[in-house]
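Asker: Read top to bottom, the protein sequences are chains A and B.
Per numbering that gives the first Met the number 0, the first sequence runs over residues 0 to 76.
Per numbering that gives the first Met the number 0, the second sequence runs over residues 0 to 711.
The hints are simulated quantities; they were obtained by calculation from the structure and are not laboratory data.
One should not assume that every hint holds.
Distance windows between CB atoms, simulated [stated by the list, open to error]:
1. A:Arg1 x B:Glu118: 33 to 43 Å
2. A:Val37 x B:Asp216: 43 to 53 Å
3. A:Val37 x B:Leu501: 39 to 49 Å
4. B:Lys77 x A:Arg1: 21 to 31 Å
5. A:Arg1 x B:Ile562: 56 to 66 Å
6. A:Gly56 x B:Ala287: 27 to 37 Å
7. B:Lys1 x A:Arg1: 19 to 29 Å
8. A:Gly56 x B:Ile220: 56 to 66 Å
9. B:Asp506 x A:Arg1: 42 to 52 Å
10. B:Lys703 x A:Arg1: 38 to 48 Å
11. A:Val37 x B:Arg274: 15 to 25 Å
Some, not all, of what chain A presents toward chain B, calculated at C-beta under 8 Å [to be verified]:
12. Leu6
13. Gly9
14. Val15
15. Gln25
16. Ile27
17. Met28
18. Val40
19. Glu51
20. Gly56
21. Tyr57
22. Glu58
23. Ser60
24. Arg62
25. Asp65
Just so you know, even glycine gets a beta-carbon here, dropped at the ideal spot from N, CA and C.
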Amino acid sequence: MRTLRNLKIGHSANVVKIHGEGVLKQRIMDMGITPGAVIFVRKAAPLGDPIEVTVRGYELSLRKRDAEIIEIGEEDL
Amino acid sequence: MKKIALIGNQNSGKTTTFNALTGSNQYVGNWPGVTVEKKEGRIKGHNDVILTDLPGIYSLSTYTIEERVSRSYLFDEKPDGIINLVDGSNLERNLFLTTQLLELGIPMVIAFNFNDIVERRGEKIDFEKLSRELHCNIVPISALKKTGINEVVDEILSAIDKHNAPEPIHPFSGSVEHALAHIEEAVLHNLARNKQRWYSVKLFERDEDVRQVLNLDEKTIAHIDEDIVACEKEVGDDSRSIITTERFNFISALLDRVYVKKLKVQLTPSDKIDRVVTNKWAALPIFALIIFLLYYISITTVGTLLTDWVNDTLFGEWIIPGAAGALESVGCASWLQGLLVDGIISGVGAVLGFVPQMMVLFLLLSILEECGYMSRIAFILDRVFRHFGLSGKSFIPMLIGTGCGVPGIMAARPIENESDRRMTVMTTTFMPCSAKLPIIALIAGSFFGGSAWVASSAYFIGIASVIISGIMLKKTKPFQSTPSPFVLELPNYHVPTCFAVLKTTWDRTFSFIKRATTLIMLSTIIVWFLSSFGWLNGSFTMLESEEQNVSILAYIGRAIAWIFSPLGWGEWRAAVASFTGLLAKENLVSTLGVLYGFGEVAEDGAEMWGALANAMPPVAGFSFLVFNLLCAPCFAAMGAIKREMNSPKWTAFAIAYQCVYAWVISLIIYQIGRLFIYGQFGFWTVIAFLFIAAIIFQLVRPNKYLRSLNKA
Numbered sequence: 000m001r002t003l004r005n006l007k008i009g010h011s012a013n014v015v016k017i018h019g020e021g022v023l024k025q026r027i028m029d030m031g032i033t034p035g036a037v038i039f040v041r042k043a044a045p046l047g048d049p050i051e052v053t054v055r056g057y058e059l060s061l062r063k064r065d066a067e068i069i070e071i072g073e074e075d076l
Numbered sequence: 000m001k002k003i004a005l006i007g008n009q010n011s012g013k014t015t016t017f018n019a020l021t022g023s024n025q026y027v028g029n030w031p032g033v034t035v036e037k038k039e040g041r042i043k044g045h046n047d048v049i050l051t052d053l054p055g056i057y058s059l060s061t062y063t064i065e066e067r068v069s070r071s072y073l074f075d076e077k078p079d080g081i082i083n084l085v086d087g088s089n090l091e092r093n094l095f096l097t098t099q100l101l102e103l104g105i106p107m108v109i110a111f112n113f114n115d116i117v118e119r120r121g122e123k124i125d126f127e128k129l130s131r132e133l134h135c136n137i138v139p140i141s142a143l144k145k146t147g148i149n150e151v152v153d154e155i156l157s158a159i160d161k162h163n164a165p166e167p168i169h170p171f172s173g174s175v176e177h178a179l180a181h182i183e184e185a186v187l188h189n190l191a192r193n194k195q196r197w198y199s200v201k202l203f204e205r206d207e208d209v210r211q212v213l214n215l216d217e218k219t220i221a222h223i224d225e226d227i228v229a230c231e232k233e234v235g236d237d238s239r240s241i242i243t244t245e246r247f248n249f250i251s252a253l254l255d256r257v258y259v260k261k262l263k264v265q266l267t268p269s270d271k272i273d274r275v276v277t278n279k280w281a282a283l284p285i286f287a288l289i290i291f292l293l294y295y296i297s298i299t300t301v302g303t304l305l306t307d308w309v310n311d312t313l314f315g316e317w318i319i320p321g322a323a324g325a326l327e328s329v330g331c332a333s334w335l336q337g338l339l340v341d342g343i344i345s346g347v348g349a350v351l352g353f354v355p356q357m358m359v360l361f362l363l364l365s366i367l368e369e370c371g372y373m374s375r376i377a378f379i380l381d382r383v384f385r386h387f388g389l390s391g392k393s394f395i396p397m398l399i400g401t402g403c404g405v406p407g408i409m410a411a412r413p414i415e416n417e418s419d420r421r422m423t424v425m426t427t428t429f430m431p432c433s434a435k436l437p438i439i440a441l442i443a444g445s446f447f448g449g450s451a452w453v454a455s456s457a458y459f460i461g462i463a464s465v466i467i468s469g470i471m472l473k474k475t476k477p478f479q480s481t482p483s484p485f486v487l488e489l490p491n492y493h494v495p496t497c498f499a500v501l502k503t504t505w506d507r508t509f510s511f512i513k514r515a516t517t518l519i520m521l522s523t524i525i526v527w528f529l530s531s532f533g534w535l536n537g538s539f540t541m542l543e544s545e546e547q548n549v550s551i552l553a554y555i556g557r558a559i560a561w562i563f564s565p566l567g568w569g570e571w572r573a574a575v576a577s578f579t580g581l582l583a584k585e586n587l588v589s590t591l592g593v594l595y596g597f598g599e600v601a602e603d604g605a606e607m608w609g610a611l612a613n614a615m616p617p618v619a620g621f622s623f624l625v626f627n628l629l630c631a632p633c634f635a636a637m638g639a640i641k642r643e644m645n646s647p648k649w650t651a652f653a654i655a656y657q658c659v660y661a662w663v664i665s666l667i668i669y670q671i672g673r674l675f676i677y678g679q680f681g682f683w684t685v686i687a688f689l690f691i692a693a694i695i696f697q698l699v700r701p702n703k704y705l706r707s708l709n710k711a
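Work out the full structure: start from the sequences and follow the hints.
Answerer: Okay, structure coming up:
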């Protein structure tokens, strides 16, 4: 499974599915990361984690561990 | 009397809008979630309308405290109308909450903030069409420039008068709408049509609260569950996620019709600043420089200058001699004069001496908060803090905690994860707050020739204690909570408004002054009484200062001193001073001053350096310092811990942990120090080594509660 964690900085992809359950899953979806959304990795924090992504026209920081539950499809260029 | 709720996402400019609507300007910050308190005000020009500022939320679920607060307000207090504030520059995510609010069946108007930013980007929104599709009126406003504010008020008041609640929209796909219709038919047909939506969607999501409110029996639940399960099978996700996904799909399709977007994305000024400030190489040096400047200005230079003036000139030359002279001239009884001048005025004065220093620190901190840099700190440092069971957001409480623990502990609120938040609340006061600085100065002056390493080591021990406690505690059962994601928004940088910065600074300073003039004054009176009265030659009497070794306080001190003898300072005066430190840390110095018979002493207790150095060896002095830095904070901070923990059990646990930890660390420092410096070995040395072994064991052992979050 390809997850957001594997997506390189400067690349974007479609969200396919959010795995996991409960608060973790719902909070991430409430922020607009839902199947079909395009997600773009802007940068990583100086120590490599968290990452900053653009989704639905705004910027959000996520930890890589949480990014692992976000399954993505083929990369768009 | 009408009630209106102001509701919107975090960082949508809610506090500024609230101030514009009510006229009372309040705290405006950039840290997401700063408005957690419930704020109310009367709408300007409409004295019969009360506006309630609800906490900033992203959704009407019940996963966070803020969401629960908002939801229970909307259902229990039943506001007459809703003003939904929407950040126009972040429309897609903001409308997610809007689509949920529209289902409540409450008259509503959308206040569209930051349209100027949208226009500056060269983008355009067809408000008329958007309003038609959402079945709700939209008013573009600028909270900052106060435009559109009156129109919002007029719109919502007229909607309330006409009982004009939005007609439900139908944003969901065929199969979901079908299931919803079934639910409405089966259990909700008694409700008004525009109220059914909220309940049917929530029942579809299997919301426990709504099931209880509607008092559904098992059979009905099972019946509607058939539709839900069928729908879940068809779509291939759980019902809650289906609803969320389809709402967002509806919004993005809607925006394609009404929103003319610019294709080429330009770098905003914020992006350009972030390129430097959160740069891989530059971020940490810039961060270190900013923290250094913060301390250099507030503690070392400007703040000290002001504090010295207050202590030496204002109190030292004017108020205290003035009051003494005035009391003398009216022939005041000597005990009353003692209480007023030696007790209250110099006690409270010593505390108020910090006010300038704290004000400068709070001023600089609120500028950092306002301009948006605080969120970047959380972004930069999250990786580091996570290892200690904390989050990047824990840094802000700790930083503010170096000024005063009370606002520091309060700043832990935006941390989503309950365990992280509790851990932050528990460990924030390990950082030396400004009230602990005189204790540091006293010990440095008495034992170490005023060396600067004492102060540095105090900060080092504070930071190390946060880390050690974090690693040890995160492996214990109470700190295992359901995982919740770390989501952080980096708001755009902006020049802080002067008013907001001054307001925050003043609020925080004032709460300190209030404490100084109430709690601390009371404690000074008590300590003064306990130390000035006692039994001399068989009768209870007021004592001369050289007779204090028979005071009530001395007896209390002797009774508790044994606890501290393994730490090297089982001396009644030090024990008593630590005790009065609980009332306010800075009390410790003045108490020691009184107990050593120097009467009133300078902030750093310079008069008694010699006496203290004779009373105990330097390593005991250092252990005394460490104990007082780490043990339970002052009562005001304990009160803050109690408020934020919101549980007597957790409060007791936090304070007990702090005291025990302080005792253990001081014991280790004294016993090991004694072993290496004087070669003394004894029973307690063995205990110290056992403690060290236990701490190391807890630090390195694997976390048995650690589970893999992602089984998939």
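Asker: All the hints need checking, so say for each whether the structure fits it.
Answerer: Hint by hint, here is what the structure shows:
1. A:Arg1 x B:Glu118: 33 to 43 Å: Given range 33 to 43 Å: holds, Cβ gap about 39 Å.
2. A:Val37 x B:Asp216: 43 to 53 Å: For valine 37 of chain A and aspartate 216 of chain B the Cβ distance comes to about 44 Å; the hint holds.
3. A:Val37 x B:Leu501: 39 to 49 Å: holds, 42 Å
4. B:Lys77 x A:Arg1: 21 to 31 Å: violated, 47 Å
5. A:Arg1 x B:Ile562: 56 to 66 Å: holds, 59 Å
6. A:Gly56 x B:Ala287: 27 to 37 Å: holds, 34 Å
7. B:Lys1 x A:Arg1: 19 to 29 Å: violated, 53 Å
8. A:Gly56 x B:Ile220: 56 to 66 Å: violated, 39 Å
9. B:Asp506 x A:Arg1: 42 to 52 Å: Cβ of aspartate 506 of chain B to Cβ of arginine 1 of chain A: about 48 Å, so the range 42 to 52 Å holds.
10. B:Lys703 x A:Arg1: 38 to 48 Å: Violated - the Cβ-Cβ distance for lysine 703 of chain B and arginine 1 of chain A, about 31 Å, lies outside 38 to 48 Å.
11. A:Val37 x B:Arg274: 15 to 25 Å: Taking Cβ atoms as reference, valine 37 of chain A and arginine 274 of chain B lie about 23 Å apart, which means the hint holds.
12. Leu6: violated, 16 Å
13. Gly9: violated, 13 Å
14. Val15: The hint is violated - valine 15 of chain A has no Cβ within 8 Å of chain B, the shortest such distance being about 11 Å.
15. Gln25: At 6 Å from the nearest chain B Cβ, glutamine 25 of chain A passes the 8 Å test, so the hint holds.
16. Ile27: Hint holds; isoleucine 27 of chain A Cβ to chain B Cβ min 6 Å, cut 8 Å.
17. Met28: Holds: closest Cβ of chain B sits about 4 Å from methionine 28 of chain A, inside 8 Å.
18. Val40: Check failed: Cβ of valine 40 of chain A comes no nearer than 14 Å to chain B, outside 8 Å.
19. Glu51: This hint holds: glutamate 51 of chain A lies near chain B, its Cβ roughly 7 Å from the closest one there, short of 8 Å.
20. Gly56: Check passed: Cβ of glycine 56 of chain A comes within 5 Å of chain B, closer than 8 Å.
21. Tyr57: With Cβ-Cβ at 4 Å, under 8 Å, it holds.
22. Glu58: Cβ of glutamate 58 of chain A sits 6 Å from chain B, so the hint holds.
23. Ser60: Holds, because the Cβ-Cβ distance from serine 60 of chain A to chain B comes to roughly 4 Å (cut-off 8 Å).
24. Arg62: Because about 5 Å separates arginine 62 of chain A from the closest Cβ in chain B, which is inside the 8 Å limit, the hint holds.
25. Asp65: Holds - the Cβ of aspartate 65 of chain A comes within 8 Å of chain B, reaching about 4 Å at its closest.
Comparing the model with each numbered hint stated earlier shows that hints 4, 7, 8, 10, 12, 13, 14 and 18 do not hold.
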